[in-house]
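Peer 1: Spelled out from the first residue to the last, the chains are:
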Amino acid sequence: MTAPEKPEALSVLDRPNSYIGKTVPRPNLDRLMQGRGQYVSDIELPRMAHVVFLRSPHAHAKIVKVDAAAAKRMPGVIAVVTGQELAAVITPWVGVLSHMKGLKSAPQHAIAINRVCWQGEAVAAVVATSRALAEDALESVVVEYEELEAVTDMRTALDPPTPVIHASLGDNLAFERIHSAGAADQAFADADEVAEAEFVFGRHTGVTLEPRAVVADWNAAEARLTIYQGSQAPHMVRNIAALHLGIEERQVRVVCKDVGGSFGIKVHIYADEMATYALSKLLRRPIKFVADRVESFNTDIHARDHRCRGKIGVKRDGTIAAFEIDDLTGVGPYSMYPRTSAIEANQVVTLVGGPYVTGNYRARARVVFQNKNVMCQYRAVGHPIACSVTEGLVDLAAMKIGMNPVEIRRRNLIADDAYPYVSPSGLRFEKLSHHASLNKLLAMMDYDRLRVEQAGLRKRNVHRGIGIASFIEVTNPSAAFYGVGGAKISSQDGVAVRLDAQGSVICQTSITEQGQGSESLTAQIVGSMLGVPMSRVRVILGDTDNTPYGGGTWASRGAGIGGEAALQATKILRKNILDVAAAILQSTPAELDIADGVVVNSSDRAPRIELKELARIVYFRPDTLPPGIQPELMATRHYVPREYPFAFTNGVQASWLEVDTETGFVKLLKHWVVEDCGTIINPQLVDEQIRGGVVQGLGAALFEKCVYDERGQLTNANMADYLVPMSGEMPDIDVGHVVSPTFESELGAKGAGEAGTAGAAAAVANAVNDALRPFGATITEIPLTPQIILTALGRI
Amino acid sequence: MTPTSIALEVNGERIEAQVLPRLNLADFLREHLHLTGTHVGCEHGVCGACTVRVNGEIVRACLMLAVQVDGNAVQTIEGLSDSGEVADLQEAFRNRNALQCGYCTPGMLIAAQDLLKQNADPSREQIREHLSGNYCRCTGYQAIIDAVESTARSRGSRS
Chain A
1 MTAPEKPEAL
11 SVLDRPNSYI
21 GKTVPRPNLD
31 RLMQGRGQYV
41 SDIELPRMAH
51 VVFLRSPHAH
61 AKIVKVDAAA
71 AKRMPGVIAV
81 VTGQELAAVI
91 TPWVGVLSHM
101 KGLKSAPQHA
111 IAINRVCWQG
121 EAVAAVVATS
131 RALAEDALES
141 VVVEYEELEA
151 VTDMRTALDP
161 PTPVIHASLG
171 DNLAFERIHS
181 AGAADQAFAD
191 ADEVAEAEFV
201 FGRHTGVTLE
211 PRAVVADWNA
221 AEARLTIYQG
231 SQAPHMVRNI
241 AALHLGIEER
251 QVRVVCKDVG
261 GSFGIKVHIY
271 ADEMATYALS
281 KLLRRPIKFV
291 ADRVESFNTD
301 IHARDHRCRG
311 KIGVKRDGTI
321 AAFEIDDLTG
331 VGPYSMYPRT
341 SAIEANQVVT
351 LVGGPYVTGN
361 YRARARVVFQ
371 NKNVMCQYRA
381 VGHPIACSVT
391 EGLVDLAAMK
401 IGMNPVEIRR
411 RNLIADDAYP
421 YVSPSGLRFE
431 KLSHHASLNK
441 LLAMMDYDRL
451 RVEQAGLRKR
461 NVHRGIGIAS
471 FIEVTNPSAA
481 FYGVGGAKIS
491 SQDGVAVRLD
501 AQGSVICQTS
511 ITEQGQGSES
521 LTAQIVGSML
531 GVPMSRVRVI
541 LGDTDNTPYG
551 GGTWASRGAG
561 IGGEAALQAT
571 KILRKNILDV
581 AAAILQSTPA
591 ELDIADGVVV
601 NSSDRAPRIE
611 LKELARIVYF
621 RPDTLPPGIQ
631 PELMATRHYV
641 PREYPFAFTN
651 GVQASWLEVD
661 TETGFVKLLK
671 HWVVEDCGTI
681 INPQLVDEQI
691 RGGVVQGLGA
701 ALFEKCVYDE
711 RGQLTNANMA
721 DYLVPMSGEM
731 PDIDVGHVVS
741 PTFESELGAK
751 GAGEAGTAGA
761 AAAVANAVND
771 ALRPFGATIT
781 EIPLTPQIIL
791 TALGRI
Chain B
1001 MTPTSIALEV
1011 NGERIEAQVL
1021 PRLNLADFLR
1031 EHLHLTGTHV
1041 GCEHGVCGAC
1051 TVRVNGEIVR
1061 ACLMLAVQVD
1071 GNAVQTIEGL
1081 SDSGEVADLQ
1091 EAFRNRNALQ
1101 CGYCTPGMLI
1111 AAQDLLKQNA
1121 DPSREQIREH
1131 LSGNYCRCTG
1141 YQAIIDAVES
1151 TARSRGSRS
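Top to bottom, those sequences are chains A and B.
So in the working numbering, spot 427 of the first sequence is number 427, and the numbers just go up one at a time.
So in the working numbering, spot 54 of the second sequence is number 1054, and the numbers just go up one at a time.
Treat the hints with care, since some could be wrong.
[What the hints assert, rightly or not] Reference excerpt, derived from the structure (chain A facing chain B, CB under 10 Å, subset only):
#1 M33
#2 I78
#3 L209
#4 R293
#5 L698
[Unchecked claim] Straight line, CA to CA, 16 Å or less: simulated EDC-like cross-link-like pairs of lysine to aspartate or glutamate:
#6 A:K257 with A:D42
#7 A:K667 with B:E1129
#8 A:K670 with B:D1088
#9 A:K311 with A:E198
#10 A:K667 with A:E729
#11 A:K315 with A:D185
#12 A:K670 with A:D734
#13 B:K1117 with B:D1088
#14 A:K667 with B:E1125
Because the hints were derived from the structure by calculation, they are not lab data.
Glycine included, every Cβ here is placed at the ideal spot set by N, Cα and C.
Produce the entire structure from the sequences given, and follow the hints as far as they go.
Peer 2: Encoded structure:
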């Protein structure tokens, strides 16, 4: 691990005893380590009933009849509810955004009415006094289906003989984006070499260890719904629940306690969750839904099912002349709500070629409907695809002209002094550090020595490879992501801080915690800015009744946006405290500071008054304050980036691995990442975000794939058949940093949540191809299973 | 189905209960005894989130029936925390940030403690191998391996 470099100029962050830039343990971990956390699946309420969903065994079928008579007579059963019956309390939705021009989708119901469109779509809800009794009764619900032809292959989804899933839409095309910049045709014509490949990405999913879960509690006497749910975006859930239940937002409270993993899986609103809210209202009692693992595989959003044709033109001197892509993705039968299923393909178009200077770029992306589970945004949305295509093409180009993969990158990465910079897809980069990052990476991995080692081992028939992948990452999204398209998803976040009567600080923030360290970074910022120990800062998050309005934690926005709001709110509180202190001490605010919970002289740091004494005077003896003073020991500030729609970050990864050419197995030996997320609040938390992200990318590279058959049946919906990365197969990961703070905020922090996932698979794929170079094999498909590798080697 | 009587010890406390034969140990601990630190992740014995100790051996509570622990001694993360047995391991997890969402952590701690009881000086490879039945989606495992390794080292230097 390399220590972060300090920014040169002094800023508001350079206060005495600052926690910014320091590794400190996250507060309140004992709760989780002692098994005393509270995840949604742990919650029990009086009169709570349990819902289970009967799910379609068919990928596409008409629902002819649902016969629940026998189920309703089963022990413990409270109700069996069909889609038609539930529609009395909840309205359907359509997952579109107006800025995704042309994006279309069909109305989706909480429980299917008349027709099911994927294997796993809910057909009926059974509510009983226990989950086991509900599952017993589920088996007695008889559904008569008339099977319809399923659309399963994205490559033929738009062909005339293929059935149209939603007749009212006219075809199976959900969204198409075409982009052109520079003069791609001329550039390809002028190029010395052109390389082309089809990159294939396996459909995979998040596999959060805690499945999705909801407890919905409609209190008819209060006319209020309380939703306990592990959501990354509680205010969004409140808005959507209110909208579709026909009530107002003030009638809904969303509470997010501990969350057992999210990664984008829990940033959406699923039909079964909507059904649970509606059932609580319908049955006037708390209802609990906890997905089991099979349901998770069949209904948690999937991601990354893309086939992308890519082309690169290169000059003999290594100059990249142009990029071109044609991306195709199948997203299931509906565009997901409310963030839509067009974003990943859109990101691919936006991000391909992003680290490089060439201005010649042409792209097309098409998003098609199919009868499989829905796809939507999962950690690093679009980044792994864009990065794998770009970096795969760059390596192919290097191979064509016989250039070292490091050298071709050096010749084409945007120069570190070229900023601000606008990319061919229109992205504005404030400050990136591709070259500094690459140099640091090469030093960390001792690149030249590894190449020597590789060459030596090759002679002994040991095939190791080195793969490098540069990337850019979208963080700190402004309203440009969702708000401009009409989605009521806040891009700003708010923080309220107050001094309590004993001199401690209560901080309410609209960002949420799923283990990234939102609570820690907030306490670190508040403690540092105010001058109190972190242990005296209590952070409240994940409760729409008790936090300011805001976006939550997703798209690498918690630290950069929520952190800046915390900084600004605390600055105001500090000023207010110093105003009161000056009045009490007959001094001036400029002569005073706060350190370690005590107001001190700025000059000689001599203690003047403890914050708890100041608070005592303000709250209990305001009569002793000079006339005309009304202390405000609470401050609220909101923040949203306005200048840059996104704060882009960058980084580079490298993989060192060995391919067993007899068995096709890949052994990961080591992985390196250098990443630039601007100001680092807690180095350990940033590094662990990156390591976790890398391993999610490694899962996609080697193991993870939702395997559907031609009838739209998911054939590996369990953890024995769907492989995830386990400790035995994962390498140690070295993480280094370059620090280019954003100047849009005082904090200067950008996001780091996607970086690891963005480039890991690209680095691995390039390393596998590097290892296989003596065999003349090139693979552009992930996951890189033994079967894929042995096929490429011509062994099977 | 008729309930069966079972009598057992859970975290040192005598428990008598009426349970259906089909009830698994994880659901018994969570729903009957409200020991919710035993987490349910996959319910088919792969993820390790429900790892507990039965008569000193680690088991997956989702693969064992409550009636099978009749007459046995069960220890969960709550018990191991209160007794202080894993306090140093928990401290190492905290200092190394070896947990993010925390859902795998109780099972991970119990599995790690099991290793350290059998092998006071495990290699990183051995730690990775022993924990390879416990799924963590957040950390990428390295911090967990580091925390277990440092606990082994500090226990070794104390003894």
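Peer 1: When the nearest CB of chain B is found for L209 of chain A, is that gap smaller than 10 Å?
Peer 2: holds (4 Å)
Peer 1: Does E1125 of chain B sit within 16 Å of K667 of chain A, going by the straight-line distance between their CA atoms?
Peer 2: holds (13 Å)
Peer 1: Under the criterion that the straight-line Cα-Cα distance not exceed 16 Å, is the pair K1117 of chain B, D1088 of chain B satisfied?
Peer 2: Holds, at about 13 Å.
Peer 1: For a C-alpha distance cap of 16 Å, please report whether K315 of chain A and D185 of chain A respect it.
Peer 2: Satisfied, since the Cα-Cα distance of roughly 14 Å is no more than 16 Å.
Peer 1: Would the stated hint for R293 of chain A survive a check requiring a Cβ distance to chain B of less than 10 Å?
Peer 2: holds (5 Å)
Peer 1: Could you grab the alpha-carbon distance between K670 of chain A and D734 of chain A and see if it respects the 16 Å cut-off?
Peer 2: Roughly 8 Å separates the two Cα atoms, so the pair holds.
Peer 1: Checking one constraint from the list: CA of K311 of chain A to CA of E198 of chain A, max 16 Å. Satisfied?
Peer 2: holds (9 Å)
Peer 1: Are L698 of chain A and chain B close enough, Cβ to Cβ, to be under 10 Å, as the hint says?
Peer 2: With a minimum Cβ separation of about 8 Å from chain B (threshold 10 Å), the hint on L698 of chain A holds.
Peer 1: Run the distance test for K257 of chain A versus D42 of chain A: straight-line Cα separation, threshold 16 Å.
Peer 2: holds (10 Å)
Peer 1: Starting from K670 of chain A, check that the Cα of D1088 of chain B is at most 16 Å away, please.
Peer 2: Distance of about 29 Å is beyond 16 Å: violated.
Peer 1: Tell me if the interface restraint on M33 of chain A is satisfied: Cβ within less than 10 Å of some Cβ in chain B.
Peer 2: For M33 of chain A, the interface hint holds, since the closest Cβ of chain B sits about 5 Å away, which is under 10 Å.
Peer 1: Just to be careful, I want the Cα atoms of K667 of chain A and E1129 of chain B compared with a cutoff of 16 Å; is the pair within it?
Peer 2: Cα-Cα ~15 Å, so holds.
Hints 2, 8 from the list above are not met by this structure, while the remaining hints are.
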